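There are 2 protein chains.
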Amino acid sequence: MIIEKINSPDNLKRLSDDELHTLTSEIRTALITKMSKLGGHMASNLGVVEITVALHKVFNSPIDKIIFDVSHQSYVHKILTGRKEAFLYEEHFEDVSGYSNPEESSHDFFNIGHTSTSISLACGMAKARDLKGDNENIIAVIGDASLDGGEAFEALNYAKELHSGLIVVLNDNNMSIPENYGGLHDLLNTLRTNRGQVENNFFSSLGFEYKFVQDGHNLCELLEVFESVKDTDHPVVVHCCTQKGKGYKFAEEEKEKWHWAHPFNIETGEYISGVPEENYGAIVAEYLLKKMQSDKDVVVVAASTPLCIGFNADRRKLAGKQFVDVGIAEQNALSMTAAIAKRGGKPVFATNSTFYQRGYDQIEQEMCITKCPATMILSHASVWGHTNDTHVGLYDIALFANVPNLTYLAPTNCEEYIAMLDWSIEQQEIPVAIRIPWTKVHHAENSVRNDYSDTKYEVTKVGSQVAIIALGSFYQIGEAVVKLLKDKGINATLINPLFISGIDGETLDNLKDHHELVITLEDGIINGGFGAKIAQYYSLSPIKVMNKAFSMNIPSRYIPDDLMRKNRLLPVQIVEDIIGIVGGRDE
Amino acid sequence: MIIEKINSPDNLKRLSDDELHTLTSEIRTALITKMSKLGGHMASNLGVVEITVALHKVFNSPIDKIIFDVSHQSYVHKILTGRKEAFLYEEHFEDVSGYSNPEESSHDFFNIGHTSTSISLACGMAKARDLKGDNENIIAVIGDASLDGGEAFEALNYAKELHSGLIVVLNDNNMSIPENYGGLHDLLNTLRTNRGQVENNFFSSLGFEYKFVQDGHNLCELLEVFESVKDTDHPVVVHCCTQKGKGYKFAEEEKEKWHWAHPFNIETGEYISGVPEENYGAIVAEYLLKKMQSDKDVVVVAASTPLCIGFNADRRKLAGKQFVDVGIAEQNALSMTAAIAKRGGKPVFATNSTFYQRGYDQIEQEMCITKCPATMILSHASVWGHTNDTHVGLYDIALFANVPNLTYLAPTNCEEYIAMLDWSIEQQEIPVAIRIPWTKVHHAENSVRNDYSDTKYEVTKVGSQVAIIALGSFYQIGEAVVKLLKDKGINATLINPLFISGIDGETLDNLKDHHELVITLEDGIINGGFGAKIAQYYSLSPIKVMNKAFSMNIPSRYIPDDLMRKNRLLPVQIVEDIIGIVGGRDE
Numbered sequence: 000m001i002i003e004k005i006n007s008p009d010n011l012k013r014l015s016d017d018e019l020h021t022l023t024s025e026i027r028t029a030l031i032t033k034m035s036k037l038g039g040h041m042a043s044n045l046g047v048v049e050i051t052v053a054l055h056k057v058f059n060s061p062i063d064k065i066i067f068d069v070s071h072q073s074y075v076h077k078i079l080t081g082r083k084e085a086f087l088y089e090e091h092f093e094d095v096s097g098y099s100n101p102e103e104s105s106h107d108f109f110n111i112g113h114t115s116t117s118i119s120l121a122c123g124m125a126k127a128r129d130l131k132g133d134n135e136n137i138i139a140v141i142g143d144a145s146l147d148g149g150e151a152f153e154a155l156n157y158a159k160e161l162h163s164g165l166i167v168v169l170n171d172n173n174m175s176i177p178e179n180y181g182g183l184h185d186l187l188n189t190l191r192t193n194r195g196q197v198e199n200n201f202f203s204s205l206g207f208e209y210k211f212v213q214d215g216h217n218l219c220e221l222l223e224v225f226e227s228v229k230d231t232d233h234p235v236v237v238h239c240c241t242q243k244g245k246g247y248k249f250a251e252e253e254k255e256k257w258h259w260a261h262p263f264n265i266e267t268g269e270y271i272s273g274v275p276e277e278n279y280g281a282i283v284a285e286y287l288l289k290k291m292q293s294d295k296d297v298v299v300v301a302a303s304t305p306l307c308i309g310f311n312a313d314r315r316k317l318a319g320k321q322f323v324d325v326g327i328a329e330q331n332a333l334s335m336t337a338a339i340a341k342r343g344g345k346p347v348f349a350t351n352s353t354f355y356q357r358g359y360d361q362i363e364q365e366m367c368i369t370k371c372p373a374t375m376i377l378s379h380a381s382v383w384g385h386t387n388d389t390h391v392g393l394y395d396i397a398l399f400a401n402v403p404n405l406t407y408l409a410p411t412n413c414e415e416y417i418a419m420l421d422w423s424i425e426q427q428e429i430p431v432a433i434r435i436p437w438t439k440v441h442h443a444e445n446s447v448r449n450d451y452s453d454t455k456y457e458v459t460k461v462g463s464q465v466a467i468i469a470l471g472s473f474y475q476i477g478e479a480v481v482k483l484l485k486d487k488g489i490n491a492t493l494i495n496p497l498f499i500s501g502i503d504g505e506t507l508d509n510l511k512d513h514h515e516l517v518i519t520l521e522d523g524i525i526n527g528g529f530g531a532k533i534a535q536y537y538s539l540s541p542i543k544v545m546n547k548a549f550s551m552n553i554p555s556r557y558i559p560d561d562l563m564r565k566n567r568l569l570p571v572q573i574v575e576d577i578i579g580i581v582g583g584r585d586e
Numbered sequence: 000m001i002i003e004k005i006n007s008p009d010n011l012k013r014l015s016d017d018e019l020h021t022l023t024s025e026i027r028t029a030l031i032t033k034m035s036k037l038g039g040h041m042a043s044n045l046g047v048v049e050i051t052v053a054l055h056k057v058f059n060s061p062i063d064k065i066i067f068d069v070s071h072q073s074y075v076h077k078i079l080t081g082r083k084e085a086f087l088y089e090e091h092f093e094d095v096s097g098y099s100n101p102e103e104s105s106h107d108f109f110n111i112g113h114t115s116t117s118i119s120l121a122c123g124m125a126k127a128r129d130l131k132g133d134n135e136n137i138i139a140v141i142g143d144a145s146l147d148g149g150e151a152f153e154a155l156n157y158a159k160e161l162h163s164g165l166i167v168v169l170n171d172n173n174m175s176i177p178e179n180y181g182g183l184h185d186l187l188n189t190l191r192t193n194r195g196q197v198e199n200n201f202f203s204s205l206g207f208e209y210k211f212v213q214d215g216h217n218l219c220e221l222l223e224v225f226e227s228v229k230d231t232d233h234p235v236v237v238h239c240c241t242q243k244g245k246g247y248k249f250a251e252e253e254k255e256k257w258h259w260a261h262p263f264n265i266e267t268g269e270y271i272s273g274v275p276e277e278n279y280g281a282i283v284a285e286y287l288l289k290k291m292q293s294d295k296d297v298v299v300v301a302a303s304t305p306l307c308i309g310f311n312a313d314r315r316k317l318a319g320k321q322f323v324d325v326g327i328a329e330q331n332a333l334s335m336t337a338a339i340a341k342r343g344g345k346p347v348f349a350t351n352s353t354f355y356q357r358g359y360d361q362i363e364q365e366m367c368i369t370k371c372p373a374t375m376i377l378s379h380a381s382v383w384g385h386t387n388d389t390h391v392g393l394y395d396i397a398l399f400a401n402v403p404n405l406t407y408l409a410p411t412n413c414e415e416y417i418a419m420l421d422w423s424i425e426q427q428e429i430p431v432a433i434r435i436p437w438t439k440v441h442h443a444e445n446s447v448r449n450d451y452s453d454t455k456y457e458v459t460k461v462g463s464q465v466a467i468i469a470l471g472s473f474y475q476i477g478e479a480v481v482k483l484l485k486d487k488g489i490n491a492t493l494i495n496p497l498f499i500s501g502i503d504g505e506t507l508d509n510l511k512d513h514h515e516l517v518i519t520l521e522d523g524i525i526n527g528g529f530g531a532k533i534a535q536y537y538s539l540s541p542i543k544v545m546n547k548a549f550s551m552n553i554p555s556r557y558i559p560d561d562l563m564r565k566n567r568l569l570p571v572q573i574v575e576d577i578i579g580i581v582g583g584r585d586e
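Protein chains in written order, with numbering that gives the first Met the number 0: chain L, 0 to 586; chain D, 0 to 586.
You may find that some hints are simply not true.
Repeated chains share a single entry, so a pair holds when one copy, or any two copies, can fit it.
[Said to hold, decoys possible] Below, in silico cross-link-like pairs of lysine-lysine (DSSO-like), each with a Cα-Cα straight-line distance of 27 Å or less:
| # | residue 1 | residue 2 |
| --- | --- | --- |
| 1 | Lys290 | Lys248 |
| 2 | Lys487 | Lys289 |
| 3 | Lys248 | Lys316 |
| 4 | Lys289 | Lys131 |
| 5 | Lys543 | Lys210 |
| 6 | Lys316 | Lys131 |
| 7 | Lys295 | Lys316 |
| 8 | Lys543 | Lys511 |
| 9 | Lys370 | Lys439 |
| 10 | Lys229 | Lys210 |
| 11 | Lys290 | Lys131 |
| 12 | Lys320 | Lys229 |
| 13 | Lys131 | Lys487 |
| 14 | Lys320 | Lys131 |
| 15 | Lys289 | Lys316 |
| 16 | Lys316 | Lys543 |
| 17 | Lys460 | Lys511 |
| 18 | Lys482 | Lys256 |
Simulated from the structure, these hints should not be mistaken for lab results.
Only a predicted model underlies this, so the values are computations on that prediction, with no experimental measurement involved.
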């Protein structure tokens, strides 16, 4: 096989057109085979096979610098830059991460997981190049909806000021993660239909030279256009029309399902391990659809990740005008959500914990200083969420719990989650954020409260000496710790705090009489977190506080159990550490 | 005077064209007079007098909703919506804030201080309007460079999806705070020159109807165009060419100086109170210019606020290609800064504490996960910085100190500041942020260290019983507290921690033997702050910790001394609280 002989992009230079063609087939087979076993970003990588091969044939990486946006489009690049083993041989599958990674290769420059940054990064590299008097090509590969994000525009707007060479390769696959939206999307459609001709060209309006490639899977066409822009002295955009999922029938047909594939049967296209039948996504989506039917003011806002609250294509259709997807544009989504609430609507915005980072300013300013009574839902906010450093869901507590006027809630089971959501949608006073418990679906043993206006923790078991305050997804760990402590002769108190923001001083004061140690358990980083507030609260009292959470040393990929163990967050470890402080029957 | 009779926009409806004309003159006089005494956003408001009058004549606020971007352009709107007294009568000058404020008026909908949000907010209001089946006009007034920010683009891109009416009024004054940059700026210039004609129209490319107003100070032209777009059923942009500073000679000539004016002499245009001769801006700018001369890799990156490190027009010219301004586009600025460092350049980015919020994600991802060795400088990060809730510089500690791989430094005097900056520029390992001391310029009494690789606090006075850890701008408060404690018979230890991120465990452990109370003083909010880390560190030890910082209840405007007093941060109050815990000679 040709692919087996590719150790660096140099090996491409000597291949004939026919051999390059064969190589693209071999790459597709490797991608499909690996992902059928391990899962991964499937459809987007199948769509950039020819673009990536052509780039590495024409340009001279790593002297010339190719920066992949989102970088879940960089699997083919990895294959061509000395990392083919990780796609060919099962024992090496785990050798590479799912994103570009400077620790893996000198052909990768940044850890890129969030969208829309590639043109900015390319502008920065071009600026440094020009200051040094060097002259390499710098290429940003953007697409798969990453052009929707505001930063991409900021950089497109700036590029002209470089007065120098910059190449933007737009992988236009006509998709975001779900469908695509907006004026730019319509413009790209017109360009696709009219072979690159349009009355008002967006890219030209910003000072870019514009090149059009009708078939982004035609190697000859790609090689020709890349040769023509090589060593440009001004900003150029190369608009390549591609098909997301190209070469795997099921992915071509169902692009959203195959954006990120679970392990699957290659013949049938069926996922081998599916989502459990009872899951928070489906539960909350059904609740919201029902709510929408009885109240036309209820509206779900998404930024390309509606599946995180179960809004699949069927449910989006049912919601109709009460569903809004703005594309991968969290800033716009959050300001819009704030304004919908201000104008009397009842908006619910949802996305992954990590993607909220893009809209911190809008949360703090538009949403919270103005006190717009909107609801924000955070998914994947857990050690069990995404396990790449760029997608980790452990930072949101430090962000959301330190914003004025925001109530940040952590349900521990299904009934609490729905009760909090319903309360939040109906109240008209404050912005509210809810952290989805990232565990299997648990159910409440007793009735849950329906009003979350007052910061009031729930003492679920009254004990003494040791009190465990176990937040959200870690509540069940708290239960396990209490059980284990019983065997050590310690009758611990267990608290479900429900609130991440604010402090229930009354409950905390009550602990002082009969407890010497308070443990906080949280599914987030230790810095600036929930536990820090509890430690701060008791800092003048004799009560001891032990914060159990994650240090910020998060590796580029991790296995949840390992990270838990390393941070001494497994129940037995927590118990050991408690006994180390208060002693126990066995000691 | 006509202005005295304007109690609401209704009063405009009956005025003749001549009377409206007279009103615009009276408004200008009021603005200039008030700002000559109090200071404020001068040039931008002088530029939108006619636009605002015409909007309120044609539309029916507050049913029709006018949303001012940045909202430092909203003074005229305030005059016309029942708040004229605050601009006419000195005793009422302080009645209104410098930004739109829902607590002041039903004609204001959001507290808007950061740029580029108005179109998003208008989209959200339009969405809620449409769900309710209402039909008012919703108008975003954007401009004064606020179109540069990515969120504005995200919303322009989305607007078409509303399938409904939306009006964007672009106040094109040909300026940012300093000069304007970029492809969009060049496009607007072409449109200005060619009476609205251009080959590729940016706004049309995104699906907007485009209207052009050659003279944005011509009331008749404005009234006509606003009448023509009233009740539109699709998105329209009205591009109005205006002159920043219009009507005040000095502001027309020196737009950057007059963007925000200090109190001034109306006749001469001279500021009454100037910047002190010795100031951190000038000191650091001169240091950086010298550094640039000997090292062509050093480059200053700005996002429209270069004055915060003293880069005025003369110094920008001297820096030449080693100075970059990307416009009000912090995301692009931060990713570019990261990439310049990655490519071997030595970038220094600077802006106000509050504006970094817009780029939190880029800091955490591109800058810090990838460990790009760039330098970030934070200005106005203090209770003595901006005193409006939307611009408060008290949140950055919670943000910057809880990011992986970032070293966040707090100098307390001039020599430390320059030493930290020089070390940061030269080191090639990690991203570094530096918080400018927001006090008068203090000088070091002893030599300062030149390596900040290790988190090591400086014990500046060895005492016992009580230790004061006084961070950055609050170090001098620590000195004052130590002096006052001496009178109470307490010989306190004083520590200059230098580092906001990280913990110097050795120094903290050493305190345990001879101290019962540790006080932390920081110029930031208490939540997620520096003190919280110290409280967390000691949470299992018998040592008591008192965190002195600001609660998140920050009013929409404040007087620094009052906010200090309210949070018990004045030296005498701190001493009282210490004595309350440890007792003292006088008790």
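Quick rundown of the hints versus the structure:
1. Lys290 / Lys248: neither (37 Å within a copy, 59 Å between copies)
2. Lys487 / Lys289: neither (48 Å within a copy, 67 Å between copies)
3. Lys248 / Lys316: Cα proximity of Lys248 and Lys316: one copy only (24 Å, versus 58 Å across).
4. Lys289 / Lys131: Intra 61 Å, inter 18 Å, cutoff 27 Å: inter-copy only.
5. Lys543 / Lys210: Intra 66 Å, inter 67 Å, cutoff 27 Å: neither.
6. Lys316 / Lys131: between (54 Å within a copy, 19 Å between copies)
7. Lys295 / Lys316: within (15 Å within a copy, 57 Å between copies)
8. Lys543 / Lys511: both (10 Å within a copy, 15 Å between copies)
9. Lys370 / Lys439: neither (33 Å within a copy, 35 Å between copies)
10. Lys229 / Lys210: For Lys229 and Lys210, the Cα distance is within 27 Å only inside one copy (13 Å; across copies 39 Å).
11. Lys290 / Lys131: between (60 Å within a copy, 16 Å between copies)
12. Lys320 / Lys229: between (46 Å within a copy, 24 Å between copies)
13. Lys131 / Lys487: neither (66 Å within a copy, 60 Å between copies)
14. Lys320 / Lys131: Between. Shortest inter-copy distance 11 Å satisfies the 27 Å Cα cut-off; intra-copy 53 Å does not.
15. Lys289 / Lys316: within (14 Å within a copy, 62 Å between copies)
16. Lys316 / Lys543: neither (53 Å within a copy, 58 Å between copies)
17. Lys460 / Lys511: Result: close within a single copy only, 16 Å intra versus 35 Å inter.
18. Lys482 / Lys256: neither (41 Å within a copy, 67 Å between copies)
Hints 1, 2, 5, 9, 13, 16 and 18 from the earlier list are contradicted by this structure; the remaining hints agree with it.
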